[in-house]
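Visitor: The chain contents come next:
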Amino acid sequence: MTVESTAARKPRRSAGGKAGATGTGTETAAEATGAAAEATGTGAKRAPRTTRAAARKGTAEPQLVQLLTPEGKRVKNAEYDPYVADVTPDELRGLYRDMVLTRRFDAEATSLQRQGELGLWASLLGQEAAQIGSGRALRDDDYVFPTYREHGVAWCRGVDPANLLGMFRGVNNGGWDPNSNNFHLYTIVIGSQTLHATGYAMGVAKDGADSAVIAYFGDGASSQGDVAESFTFSAVYNAPVVFFCQNNQWAISEPTEKQTRVPLYQRAQGYGFPGVRVDGNDVLGCLAVTKWALERARRGEGPTLVEAYTYRMGAHTTSDDPTRYRHDDERAAWEAKDPILRLRRFLEASNHTDEGFFAELEAESEALGRRVREAVRSMPDPDHFAIFENVYADGHALVDEERAQFAAYQASFADAPEGGN
Amino acid sequence: MAEKMALAKAINESLRKALESDPKVLVMGEDVGKLGGVFRVTDGLQKDFGESRVIDTPLAESGIVGTAIGLALRGYRPVVEIQFDGFVFPAYDQIVTQLAKMHARALGKIKMPVVIRIPYGGGIGAVEHHSESPESLFAHVAGLKVVSPSNAGDAYWMMQQAIQSDDPVIFFEPKRRYWDKGEVDPEAIPGPLHKARVVREGTDLTLVAYGPMVKLCQEAAAAAAEEGKNLEVLDLRSVSPLDFDSIQASVEKTRRLVVVHEAPVFFGSGAEIAARITERCFYHLEAPVLRVGGYHAPYPPARLEDEYLPGLDRVLDTVDRALAY
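Those sequence lines, one after another, are chains R and V. Using the working numbering, read the first sequence as starting at 44 and increasing by one per residue. Using the working numbering, read the second sequence as starting at 189 and increasing by one per residue.
Please note: incorrect hints may appear among the correct ones.
[What the hints assert, rightly or not] Pairs of lysine-lysine, DSS-like flavour, derived with a Cα cap of 30 angstroms:
(1) 299/V x 249/R
(2) 289/V x 299/V
(3) 222/V x 212/V
(4) 441/V x 403/V
(5) 116/R x 249/R
(6) 222/V x 249/R
(7) 417/V x 205/V
(8) 235/V x 289/V
(9) 297/V x 417/V
(10) 334/R x 116/R
(11) 249/R x 383/V
(12) 369/V x 383/V
(13) 222/V x 192/V
(14) 403/V x 249/R
(15) 212/V x 235/V
(16) 441/V x 249/R
(17) 403/V x 299/V
(18) 417/V x 249/R
(19) 403/V x 205/V
(20) 289/V x 222/V
(21) 192/V x 249/R
Please keep in mind that the hints were generated in silico from the structure rather than gathered at the bench. All figures in this text were calculated on a predicted structure; none of them were measured in a lab.
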C-alpha cells in the first residue's frame with residue numbers, strides 16, 4: 044500500500060534508500076520489508092531475545108545506523124556522513140562535554156534522592172548519546188516535547204539543570220517557562236506529549252515556518268494509543284515532527300518484546316513515513332540521523348520515526364529495583380558499548396584532546412555537581428497559597444472561595460500559644 | 189439587530205464570527221468540514237474559511253484534543269467538536285491529565301484557550317452512547333470550566349465568551365434543543381459567562397436547571413401556576429464555576445429548592461448544589477433540597493428514555509414533595 048493511497052499528503056520528494064529505513068514516501072510495503080530484510084544480513088548488533096522471534100523473522104535484528112563503533116572507530120556511511128561532515132573537533136569535544144556533564148548532573152540527582160533531598164529521580168544513565176546527539180541537532184526555533192527523562196536534551200536547550208529538579212523535590216509540577224527554551228514541561232503520563240508535539244507541528248506548518256518539532260518517548264510509550272494517534276495525525280497533515288523513540292529496552296520491568304513484535308522503527312511504515320533505527324549509544328549517529336529527520340520536516344516532507352537503540356543502565360527511577368527482573372550480565376554487555384567511553388576513544392585516537400581537556404572537564408563537572416547540590420538544598424518550599432495559584436488563567440469563583448476559607452483556617456492558628464498548653 | 193434563529197444556527201453564527209475576527213481560531217473535529225457536522229452546527233464554515241482553519245480530523249478523540257493542546261501551545265485557539273457525549277471518553281485522559289493542568293504546571297506561563305464542544309443529553313431517540321450527560325465528570329476537574337446554554341441567544345454569546353476565555357471550556361450543547369428558535373442579538377452586551385439568570389420569577393420554590401432542562405422547568409412552572417403555585421426558575425448556564433450566590437439569593441426568597449438535570453442524580457451537580465445551599469441557607473430552608481435526574485443505570489434504549497429522563501410529571505411530583513414539608 045502506498046502513501047498516496049492512505050494519506051492526504053503529497054511528499055515533495057522521496058526520502059527512500061536509507062539503510063535501515065523503511066516506509067519512505069514512494070516504496071511499497073513489500074519493497075520496504077525487503078529492504079529491511081536485506082539490511083539485517085549486514086550489521087546485526089544484537090541477537091533476538093527469544094528463539095520464537097528469531098524463527099518468525101528468520102534473521103537477526105535489523106541494521107542500526109552507526110557512525111562510531113563501541114571501540115570508538117569512525118565508520119563510513121554514505122547516507123548519513125553528510126549530516127556530520129561539518130562537525131569540527133571543537134564541536135566533538137562539545138558533545139563529549141555535554142555527555143559528561145549530563146551524566147554528572149544525573150549522578151548528583153540520584154545522590155540527592157538518596158539523601159532525601161528529592162522524592163524521586165528518573166536517571167538517564169546510558170542514554171546520554173541519544174539525548175545529546177538528538178538535542179544538538181536542533182535549532183533554537185525548534186520545539187521539544189520531552190518525557191520526564193530528557194535531562195540531556197534539557198541541557199542542550201539551555202534549561203537550568205536545577206529547574207528540572209523542582210518537580211522531583213516536590214516544590215512544583217513543572218517549574219519552567221516552556222517558551223523560554225522551546226522545551227515543553229516534562230510529561231509523566233506516557234505518550235501524551237506526542238500528540239502535543241503533533242499539534243504544535245501542525246501549527247508550525249500553518250504559520251508557514253520552517254521550524255521542526257521533536258517528540259521524545261520510549262519503547263513502553265510505543266504501546267500507547269496516543270502515540271499511534273500522533274502517527275496518524277502527523278502523517279495525514281504532513282506535520283513537521285520527528286518522533287524520537289529511545290528504546291532503552293525496559294519499560295520499568297517489561298522488556299521491549301512485551302510491547303512489540305516488530306522492531307519499533309518499522310511501525311512508521313504502516314503510517315506512510317520513514318522509520319530508522321540508529322545506535323542510540325553513538326552520539327554522532329544520533330546527531331546525523333536526527334539532523335536528517337529534522338531537515339525532512341523543514342522541507343515539508345512530514346514526520347519521521349527515529350528509534351534510538353540504547354539501554355537504561357540504571358533503574359527506571361530511584362524507587363525501582365531492577366534486580367528483580369534483569370541480570371547484571373545484560374548491563375555489563377551494554378557497559379562495553381558506553382556512549383561516553385566510545386567518543387573518548389575516538390577523540391583520543393584522533394588527537395583531538397589532551398590531558399588538559401579532561402582535567403578541565405573534571406573540574407567543571409565537580410563544580411556543576413556542587414552547584415546543583417546547593418541549588419536543591421536551598422530550594423524553598425512553596426508558599427501554602429501556591430495550591431490555589433494558576434489553577435485558572437481567568438479565575439474561578441470556587442477557587443477564590445476556597446482560598447479564602449484556607450486563609451481563614453491558617454489565620455486561626457495565629458492566636459494559638461506556642462507549643463500548645 | 190436581533191434575529192430569530194435555531195440554537196444550532198446561533199452556534200454556527202458564533203463560530204463564524206470568531207473565525208472572522210481572530211485568525212488564530214480553528215474549528216476541528218470529525219465531519220465538521222464538508223458535511224458541516226452531523227448536526228450541521230459547522231455548516232458552511234469550511235467552505236468559507238478553508239481546510240486549514242476548519243479541519244476534518246481523523247476519527248480519534250484523544251488525537252483531536254491532544255493536537256488541539258499542541259496548537260494552543262503554538263498560539264492557536266482551537267474549538268474542537270466531540271461528535272457525541274458518549275464519544276468523549278477516549279479524550280478524557282488528554283482533557284484531565286493534560287489540558288486541565290497545563291496552565292498550573294507551567295506556573296501560569298502558558299495558557300490553554302481550547303473549547304471542547306459536546307452535543308449532549310437525550311430525548312432524541314438515539315442509539316447507545318448518543319444521549320449521555322457527563323458534565324459532572326468534567327466539573328469535578330480543577331482547571332476546566334463547564335458551561336451549557338439553554339437557548340439560542342445564550343448559545344451565541346456563551347460560545348463567543350468561551351472562545352475568548354484563556355481557560356479550557358467544555359461547552360455542552362443541548363442537542364434536543366438544537367432546533368429550538370430564539371432571539372440572537374449580535375450587537376447586545378452579554379452578561380458574564382458564569383453568571384446564572386432568573387428566567388421566571390416566583391416566590392414558593394426555586395427550580396434550578398441548565399441546558400436542556402431549563403425549558404422543562406419553565407413548562408413545569410407554567411403548569412404549577414395553574415394550580416396556584418408560584419415557582420422561580422433559575423438557568424445556571426455554567427456548571428463550573430457554579431453561581432451559588434444567585435441560587436442562594438433565590439432560595440433565601442423562596443425557601444425551597446429543586447435541582448433538575450438529565451445526568452444521573454448520584455454524584456451529579458445537584459448533589460453539590462444541595463450540599464452547598466444547605467450550608468449557605470440552613471436557616472432559610474423549609475424543605476430539604478430535592479433532585480430530579482437520571483437513574484444509576486446505563487442510559488436506557490430509546491424506547492425507555494422518557495421513563496429515565498426527568499419529565500414534566502416527575503418535576504411537578506418533586507415540587508409537590510418539597511412544598512409538602
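Visitor: Within 30 angstroms, alpha carbon to alpha carbon, are residue 222/V and residue 192/V?
Guide: 26 angstroms, holds
Visitor: For the pair supplied as a hint, residue 297/V and residue 417/V, confirm whether the alpha-carbon distance does not exceed 30 angstroms.
Guide: Roughly 53 angstroms separates the two Cα atoms, so the pair is violated.
Visitor: Hint check: residue 334/R vs residue 116/R, CA-CA at most 30 angstroms. Holds or violated?
Guide: The hint holds at about 21 angstroms.
Visitor: Do the alpha carbons of residue 192/V and residue 249/R lie within 30 angstroms of each other, as the hint requires?
Guide: 36 angstroms, violated
Visitor: Take a quick look at whether residue 441/V and residue 249/R sit within 30 angstroms of each other, Cα to Cα.
Guide: Given pair residue 441/V, residue 249/R is violated - Cα atoms ~55 angstroms apart, limit 30 angstroms.
Visitor: Please work out if residue 299/V and residue 249/R have their alpha carbons no farther apart than 30 angstroms.
Guide: At roughly 20 angstroms apart (the allowed maximum being 30 angstroms), residue 249/R and residue 299/V satisfy the hint.
Visitor: For residue 417/V and residue 205/V, compute the direct alpha-carbon distance and say whether it is at most 30 angstroms.
Guide: 43 angstroms, violated
Visitor: Hint check: residue 116/R vs residue 249/R, CA-CA at most 30 angstroms. Holds or violated?
Guide: Not OK: residue 116/R and residue 249/R at ~43 angstroms, beyond 30 angstroms, violated.
Visitor: Between residue 289/V and residue 222/V, does the CA-CA distance stay at or below 30 angstroms?
Guide: 33 angstroms, violated
Visitor: Quickly compare the C-alpha distance for residue 222/V and residue 212/V to 30 angstroms and report which way the hint goes.
Guide: 21 angstroms, holds
Visitor: Can the restraint linking residue 403/V and residue 249/R be considered satisfied, given a maximum Cα separation of 30 angstroms?
Guide: Violated - the C-alpha atoms of residue 249/R and residue 403/V are around 42 angstroms apart, more than 30 angstroms.
Visitor: Taken at face value, is the distance from the CA of residue 299/V to the CA of residue 289/V at most 30 angstroms?
Guide: 10 angstroms, holds
Violated hints for the displayed structure, listed by number in ascending order: 5, 7, 8, 9, 11, 14, 16, 17, 18, 20 and 21.
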